[in-house]
Structures are given as C-alpha cells and as structure tokens.
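Let chain Z serve as the given structure and place chain G on it in line with the hints.
Now for the letters of each chain:
There are 2 protein chains.
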Amino acid sequence: MVSETKIEEIRKIAALIRYYILFMTTEAGSGHPTSSLSATELMACLLFGGIFRFDVDHPKCPNNDRLIFSKGHASPLFYALWAAAGELTEKDILTYRKFGSPLEGHPTVAFPYVEAATGSLGQGLSIGLGMALNAKLLDKLPYRTYVLLGDSEMAEGSQWESMEIASHYKLNNLIGVLDVNRLGQRGETMYGWDLEAYEKRVSSFGWKTRTFDGHSIPEILAAYEEAVRATDQPVMLIGKTIKGKGVSFIENKNGWHGRALKREEYNRALKELGEIDKSVRGEVSLPEDLKPKEQVAGGPVKKLDYPADKPVATRKAYGNALARIFQQFPNLVSLDGEVSNSTYAEIFKEAFPERFFEMYIAEQNMVGAALGLSRRGKIPFVSTFGAFLSRAFDQVRLSQYSDANIKFVGSHAGVSIGEDGPSQMALEDIAMFRAILGSVVLYPSDAVSTERLVEEAARHDGIVFIRTTRMETPILYGPEEKFAIGGSKTLRKSEKDRATVIGAGVTLHEALAAYEALKKEGVFIRVIDLYSIKPIDEATLRQAAGATRTIITVEDHYPEGGMGEAVRSGLSNSPVPIHSLAVRKKPKSGKPGELLDYEEISRVAIIKKVKEVV
Amino acid sequence: MVSETKIEEIRKIAALIRYYILFMTTEAGSGHPTSSLSATELMACLLFGGIFRFDVDHPKCPNNDRLIFSKGHASPLFYALWAAAGELTEKDILTYRKFGSPLEGHPTVAFPYVEAATGSLGQGLSIGLGMALNAKLLDKLPYRTYVLLGDSEMAEGSQWESMEIASHYKLNNLIGVLDVNRLGQRGETMYGWDLEAYEKRVSSFGWKTRTFDGHSIPEILAAYEEAVRATDQPVMLIGKTIKGKGVSFIENKNGWHGRALKREEYNRALKELGEIDKSVRGEVSLPEDLKPKEQVAGGPVKKLDYPADKPVATRKAYGNALARIFQQFPNLVSLDGEVSNSTYAEIFKEAFPERFFEMYIAEQNMVGAALGLSRRGKIPFVSTFGAFLSRAFDQVRLSQYSDANIKFVGSHAGVSIGEDGPSQMALEDIAMFRAILGSVVLYPSDAVSTERLVEEAARHDGIVFIRTTRMETPILYGPEEKFAIGGSKTLRKSEKDRATVIGAGVTLHEALAAYEALKKEGVFIRVIDLYSIKPIDEATLRQAAGATRTIITVEDHYPEGGMGEAVRSGLSNSPVPIHSLAVRKKPKSGKPGELLDYEEISRVAIIKKVKEVV
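If you read the protein sequences in the order shown, they are chains Z and G. Counting with our numbering, you get residues 66 to 679 for the letters of the first sequence. Counting with our numbering, you get residues 66 to 679 for the letters of the second sequence.
Pulled out of the complex, with its shape left as it was, chain Z reads as follows (with noise of 0.2 Å):
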C-alpha cells in the first residue's frame, strides 16, 4: 500500500516535468510534448517510486537499472526526469535541440543517463533484451532493465522479435512499459485504446502482462511492484493514457503529434498546470553495489595452425578465430541468426556455449541485443549470411550514434556462392557498411588474414563489418604476417608491372590466377590484396598508381559504393585510369566458376581487361 505521502511527492514531481516538458519544447519551437506528457506518471513512479535503482552520480555503475526510451521522440520527459533527479537546471534544459547541447532532439549518448539512441521506432526493446541477457546469464547482477514503448511502434515486427526472443530466454528481469496513449503520427493506432488487444497479443508471445490506468500513481507503482516479482518471464504493463496529458486544449487530439506549443498556448497551459514547486526533487533509489565478475584475460593464445597447402574457407577460419581469441578478449560474445554452422559460429559455440546467443532468425531483434550488449562492455560478433544483415540496416544505422562496439560478420558473399542463387548472395553489403559513420570494413582472402583481423576487430573500438566467403580458398599467408586496419598486402610486384589489380576476397584468388597466366605470356601485373576497404590502404594505392599507370578494381559485388568506389575515392584525384569489374548482370544459380565468368569477375575476365587497356 502506498503511502499518500508518496503519492503526493510523485504529483509533485509530475507537474515539475509537465513543466520542464512545456518549457523546453515552447523554446526549442520543436519536438514532441503531447508523446512526453502521456508518459509522465508512467516514467515519475518508475524513478521517484523507490523502484528503479540507479546511482545518479555514477550512471555507468554496472548493477545500475537501465532505463530505455523506445520511444525515443519523448526524449522531453527523459530529460526532464533527471532534470527532476537533480541533474540538470532549467539552464541545462533550456539548450534542448540547440546545436551543441548533449540534450538532442531523440536521445543520443552525449546524454550520459542515455543508454543508446533511439529515434527509429522499435528498436528499445531489442536493445533492452541484449542489456537484460547480459545481466541475467553474463554479469549476473540484479539490475533490472525498463523500456518505454508507445503504442504505435507495437506495430514495428521487431518489437516482436524481441518478445519472442526475451521469452525464451525467460527474461525476467526486461520490463517493457507500454504507453498507450490511442493517437499515433496522423491519427487513431491500429488499436485505439483496447488494452486487452494488446494484452492478448503480449501474453501469447510469453510475457507477463498488466493493464492499468497510466495516469494514477497508486495503479502504476502497483503494476511495477508485481513487475519486479516476476520470476521466469518478462513482463509487459499497460498503462492507458492521454496523448498530451495535463493541459485540456491538447488532451487526446488528433494533430498534435510533434507539435510544440506556442508562446500563447504555452501560456494557457501554465495556467492549467498552476502552481509549480520547482524546488521538489525526486529521489533515486540505489541499487546493491555489486560488479559483475572480472573476465581475466589469460591463458596462451593458441597459435595458427594452417597447413600452406590445404584451403580453408574464411568463413570457417572466422569460427575458428573466435574460439581462439576468446582467452584475450573476454569480454567477447558471439550472437548468429540460426546459421551458426553456415557461418562457423557454431565452433565457438561448442567451445565457449556460454557465450553464444542463438537470436534465431531475427537479424532485427539480434543487432538490437548486440547494441544493448555492446553499451554494457561486452564485444558482440554478430554473425549471418551477408545477405540477411540487410535485415537489420536501419539498427544498424541507429547504433552509428551510441558508440557502438559490435561486429558484424556476413558471410556468402558474392555470386561465388554458387546454386543457391541471388537471394543469398550479398551484394550491397559493403556498400551498406562503407556508408557507416567511422565503420571499418574487412575483406580477408584467406584463413590466416581473416583470423588476425578477426583479432584486430576485436582490439577496435567501433563498428567492424567483415565480409566471409563460402567456398575454400588457399592459404597466402604465414603465421607471422601482419594486418593492420588501414592496411593491405602487395602479393606480386615488379618493376615490369603493366598494371594494378585490386581484389579481395574470391576475386584476389582469381587475380593471382590471371597473374600467372599473364606471366606466361610476359605481361606483369600487380596484385593487391585490399583487405581493408575502409579505410582504405591510400598511400600503397597511390604508389601502385605511380608505378603501374592502370588500376584494375575486381569485385565479387554490386559497383555501386564497393571496393571499386572506395578505391576511386581513395585515389582521388589521380590521373591514372581506373577500371572497375563487379556484378553487373543480374545473378543467378548456377556453378560459382560459371557465376564469376558470366559476371566477368573471373580470372578470364581480369586477363581480358588487362590485355584491353595496357
């Protein structure tokens, strides 16, 4: 039973962040107050009604409760939480949207007390499942983690995924608050205010659910108490409330989404707001202070072992890299999209089975989780055909402003996967990834360089795509080889080079190929092993420019915006010719041989173009 004492107290702080939620988008002239407003008493029981535990002058403190704004264009009441918290001045508040201000439109980690940004609908409760996952089976600690959803996104399949997901994994300790408050963007949401239609659906994924009314403060921290008594379930509480709650004249109207007020209107609405104690403070509760367990780095690192005679395919050197390193990277993770024996995850499954994640296929909901991982210090390797990280693009794209630590691993790359046929092929994946904000972008030809730059994306802080072949292909390099980021190798040079061909990937196997063909009729050519496409090796390109006149790009992907692009930007400005073989015909099953012909990516191809423009 709650104290009317207590109530009165969240009252107050409510009306304090009606206020902070008028005041900062009335002078910011944009954002969305009525989204805000509707949240209020759901957001001010959860922080000042002694149920979340968070430590306000250490928000990175590890058995912190984690909270998440899904719906993150309420970013107004986030900040005039912990404005409410003590943490920032109307001062502070006053800079909201102001370029420069860590109070951004949708939140962003310039905030400290955000999590991850959010802003593209439906990706809170993913990035909540990856944060519930790491404190139920990796730090093991108490804390819980909570995610506003509004009821709009519900309609996001992600949402979904992670249901499903945070359900078999019996995350109890995920706590989705659903705002539903009836009026999405331009109009009534599929289900209006019928709590049971979502109740219904919510329930048959697994999850606890409760519905309340959203506006009184005695249901609310009722709903959160049974919330935190939940055992082997994540739970879901539904709390019915007004779109643009406490000021009458945009109370539950259509056409007020995203609409601040003006200073008129912003008058009347003080007005109905009446009083305001700006001195109230809510207060925080602290959680246990607990650390998970260190994760020593330790043990030797075994050494590569690959016999220079037997092809191994880069995908299963992948595997096999994760498996290795693990003893130096302890804080490392491996999640795959039910393809772990396609992509060789399955190797650091057996060896490590307590840190593979099985996310099944849902790519969305996986890059979410890796995201809410990565924000609580683990290395995710999140790993899938190539192809099916298209899936998750828009995650992707989100996590380019929390900061991120993941890698992503695409493997069957190219037409050269073979039979299967094009909608396995991945295609547009460097393109994809080269247009990540800092991403770095790795294509290893062959087991040795895939497993040291497995190594050195691990050692990177940041977003890391590499790109795995299906097929074997030969050992090039010994076990003491170097690869940097940033770097490249020069496999066949002289003084008699013709030309420059740059390849990665299937396409250097077929390069060398060529090479030695052309040698045989005493055409030299360079051959560059363009590991890492981005950043991109300018310094040994524009040598190879100089010195050979020509540079041939050959690419087992579409041309636009992949290592041909990137070599053209690299060599910016260069006057010497550039030419770009890629996948420019539209693909089909058929033999990988007949594939990389048929595309003219293959070695007959490479010497053809070769002997056409030297």
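Source of the hints: derived by calculation from the structure; they are not laboratory data. Computed from a predicted model, the values in this text were never measured in an experiment. Cβ coordinates follow ideal geometry from the N, Cα and C atoms, glycine included. Fair warning: there could be bad hints in the mix.
[Said to hold, decoys possible] Not everything, but these chain G residues come out facing chain Z in the computed CB check (under 8 Å): (1) Gly170; (2) Thr183; (3) Ser217; (4) His233; (5) Arg251; (6) Ser269; (7) Tyr425; (8) Ile426; (9) Arg462; (10) Ser488; (11) Met497; (12) Leu502; (13) Pro642; (14) Lys651.
What follows is chain G alone, placed relative to chain Z:
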C-alpha cells in the same frame, strides 16, 4: 467428405512429387529436399484437391489464385508441383540449379509460375498481403492468395507485421499454410512441434487458425475447405509435419537441412518410395474468367501551379504530384508508413482515399506488400522518411529479383532536417538505393522538377528512389521545363567558369547562393543540378569537367556510395580533379543552417572549397 478416389489420387501425386524432389536435388548435388518433403501433402492437396483455382496455361490470368513460397528454399517442391500439373518434364527438372535454367535454387521470376522471388525468409506473407489487398480492395476479384510458411521463419518480425496488417484489413482472402516440421537449419526451432504455441500467437493477432496432421490428406483438405469459407479474417492453417517425410533415414533428423542425397542414399530412398506412377498428373481447377474493371487513364492533367516567388518543399510537391498524375496512371497506389502528414502522401490520400493504404509503422511489410501489388500490375509509391526505408533494405534487395515496379520515396533527407537529430536523418539512403541493380535514383531540388520526376518515375518500368527534402526550397524551373531520367540541369554557366559545383536538394540551393557570392568577387562557377544520380548524365559531366577543369560535388549524405562517388564513377578516368563535400562528422540536433555549416556542405563551405582549388 472427400472420396477415397480423390485421396488415392493425391497420394499418388504426392509420391510423384517426392520422386521429383529427390531426383532434382540429387542431380544438382544441392538444394533443400527435407524442407520440401515436409510440405508435400500440404501443397499437393492445395493444387490438386480442388482448392486452388489456376489456369495453368495462363499463369498471368488476373483471377488466378496466387501461391507464394515464403519458405523459398522449398523450391524443389514448387517445381515438382508444376511438373505434376504437367507444365514441366523430367528433362526440364534435370536443369534444376543449373546455370541458365529458370529453375533456380530459390524461386525467381525466371520461372513463370513464381509470383515473386523469395529465399530471404519472412518475406512471403507481406508479398501475399499485397496481392490479397489487390484482390479485395483494388481489382475486386475473388482470387485467394496462399503463402507456404516455414516454422523457423515465423521468428522474423516481418511476419508479425503482415499478420497484424492483414487482420486489420480483414483479408479473408489471404491464407497462410504453416509447415511445422520442428527443425530449423541447425537444430530445433523455439517451439518444436508445439502447434498450440503457434496457434495461440497467430490467433491473438486476429487470424482464424486450425491445426492438423500435415501429412493426412483428408485432414488437410478439410482444413482448406474451412479456410475458403472465412469471411472477415485471414486464415492460418498449421500443419504438423516431418522434415524429410517419405524417406525414413532422413525423417526428423538434425543435420539434414539444405543437404542433397548422395547417389547411394538416393537409390535407397527410391526403394522406400516404391513404385512411382510417373504418368499421373494432377488437375488444377480453373478460376472464374473474371477481369478487373479496366482502369482508364483519362481526364485532363492539371497544369503545374508553382509561382516563381513562393518556395515549396519538395516533399509537398511529391504529394501534389501523386494526386495530379493519378488520372494518367490509374494503376497507381500509395502506401505510407504512418507519416503521410510528413511525406505528404496525405494529399493523394485525401484526393483518392481508395487508392491509399495506411501501412502503419511497419516498413518491412509495406515494402513486401508493394512488391505484391507491383506483381499484380499496380504502380506502388511507397513513402516514409528516407532513414526508415533502411528498415526494409532486405525487402528492397529481394525485390530486385522480381522485376519489381516500385517507386520508393524517402523524405527528410540529410542533416538539413535540423533539430530532430540523426535518428531521423537519411544519410545512407542514396548509397542503399544506388546499390540496387538497375535502380533509378532521383533527387529533385525544387517543386517543379519533383512533379516532373514523379511523372517520369511512374512512367518508368522498374525500381525508382526519389529523395525529398523537409524544408521549403525556392522554385527553380518553369512549368515547361523537361526532366529526363539520366539527365541533369546546368543552372549557371559561362566561359569564365573556374570550377563546376554539382549539388542536389538543399546543397543545390547552397551552390546557387555560393555562385552569387563568388560572382560578386569575380569568380565564376558552373552549377549543375544533378537530379538524376543514377543513371548519371555522364556526357554533361564530362563536358563540364573538360570546360572548367575542376569538379566539386556537395551532398547532404555520407560520402560513401553517395553522389560524390556516383560522379567519380560517371567521370571514370577523367583527369579532372574531383573534390567531394559530404557529411563527415557525427550529426546532431541544431538549426538546419548551423548543421550545413558544421558539416561543411553549406554555401560558406562551397565558397571556401572553390577558392581553395581554383
């Protein structure tokens, strides 16, 4: 009550189908026989049990029922069905997975009975939804759309988007057939053979459900009989099946996914199948000979009305254009992701409400549905924020392999959207859409060119992406100006041009402002509106390069895969230096002008760059 004769007939056809499945995959040495064997009775009953209505001689007949294999890897079953219907010979089947054969590893539209290419899981239900929407609300024909689904792929969130939207639109003409064979690619699915787990979830989403033995012909036929009587709900038929059914040593065994039988195993399997009557053929019922009411283009096309002195946002011009051109393109439909008041699809919605489909915040399903509509002869214009189109990149990717005729319209391009911040900013969209084979990428800079290019897009057969801007921008062109895909406009030109500045969208206007400022200092630049980024106007670019000796590209987009790289590829091997201004720093909230300056893509930055390089 089904006659014994009928049951025996279907049993014999199923045996023949099993023979074909094993035959073609063993011959090809690859494929997914076990996944095909589990659904054999489910499909044999559908096609040959008097349920499916399809004119096998006329696959494109508008009132044919439609069959989509969402579990595209069961392609052997798909082809075997049509062989059993008499449309393929054993000689044809021998070509399975061979280069040049229409019988590809996963279905593509090279085979005339394939409605749309599948193979990336979780997409078939969306495509079917589009076809069902078409039947019910556009063509107003009684055909039904059947979608064969795998159990593993029900983890994909996109399926749940389809389910909620199909239920919302009361698509009783959409029937899912769920093949619950328990085994995914590398082990058991989350729910195994727990049919109730699926039934509970699916029915909570408003679908009618029925469970049964997926190998019992009478039970399956009874299920279909019930399904076709649905009046206002879509239907999910949930069959318990055995992966590899029919061949004892591969039935219900892990490790047999995507694995063809070896010759010895095949011979053993044939012994188990026993005597196969290879002469048996199945009859498919004919549909009613109905056609959609013909849409007649007609009525005078309204003239453009953009006074030269009144800036208009290109996103608004988009909405105007759709409404204006509908009379010319009566097959046009508009789909939007709950942001029609932002994308301005609402203008079309208000004019032609029966041609507009609210698809809610579920972009994956929206794109799949658009593909379905496109395959049924409609011209879908799919709109949302450019950033959120990345949510459906895998669906866009697959549509490449279906001869899709879809127009994607992404609003809120770049940092210039301002205060909402990076989660809402499209900065990778040009790269994403350029990477799609055969795509057209358009980026109009004013209302007039937007209107004309929307027309061109509607006229063009294929995938088009149009990028629109949030802010109002000045009118640049008169109503008589013509715009062609692959064209460009040179807006400022003189004999004294010291550089060519190429822009689009907001950066074009920045370039024009830079022109004015530089002119005052006696420095002249050529300014090109590159409204067609792909295909690119190579001839004009080469001419400008030759005349002005320096190119500067400026785009509100990340550098990789964007306009700058498109120009570099287009100007391949031109000796003229190319300098690219693009978004290179992590974006943040702020006023549009502040952000353009911060990212060095504003008039100030252009002026600075011009002075630096000339």
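Against the structure, the hints:
For Gly170 (chain G), the suggested interface contact is upheld, since its CB lies about 4 Å from the closest CB of chain Z, less than 8 Å. A distance limit of 8 Å between C-beta atoms decides the matter here; for Thr183 (chain G) the minimum to chain Z is near 7 Å, and the interface restraint holds. At about 5 Å, the closest approach between the beta carbon of Ser217 (chain G) and any beta carbon in chain Z falls short of 8 Å, and the interface hint on this residue holds. The criterion of a C-beta within 8 Å of any C-beta in chain Z is met by His233 (chain G), whose closest approach is roughly 5 Å, and the hint holds.
At a threshold of 8 Å, the smallest CB-CB gap from Arg251 (chain G) to chain Z is about 4 Å, leaving the interface hint in force. Below 8 Å, beta-carbon pairs count as interface contacts, and Ser269 (chain G) has one with chain Z at about 4 Å; its hint therefore holds. Annotation: interface hint on Tyr425 (chain G) holds; nearest CB of chain Z at approximately 4 Å, less than 8 Å. With 8 Å as the threshold, the beta carbon of Ile426 (chain G) comes within range of chain Z, its nearest partner Cβ sitting at about 5 Å, so the hint holds.
For Arg462 (chain G), the suggested interface contact is upheld, since its CB lies about 5 Å from the closest CB of chain Z, less than 8 Å. Interface restraint check for Ser488 (chain G): the shortest CB-CB distance to chain Z comes to about 3 Å, inside 8 Å, so the restraint holds. Against a cut-off of 8 Å between C-beta atoms, the interface hint on Met497 (chain G) holds, since the closest Cβ of chain Z lies about 7 Å away. The criterion of a C-beta within 8 Å of any C-beta in chain Z is met by Leu502 (chain G), whose closest approach is roughly 6 Å, and the hint holds.
Because the beta carbon of Pro642 (chain G) sits about 4 Å from the nearest beta carbon in chain Z, less than 8 Å, this interface hint is met. Hint status for Lys651 (chain G): holds, given a least beta-carbon distance of 6 Å to chain Z, under 8 Å.
Checked against the numbered hints listed earlier, the structure breaks none of them; every hint is satisfied.
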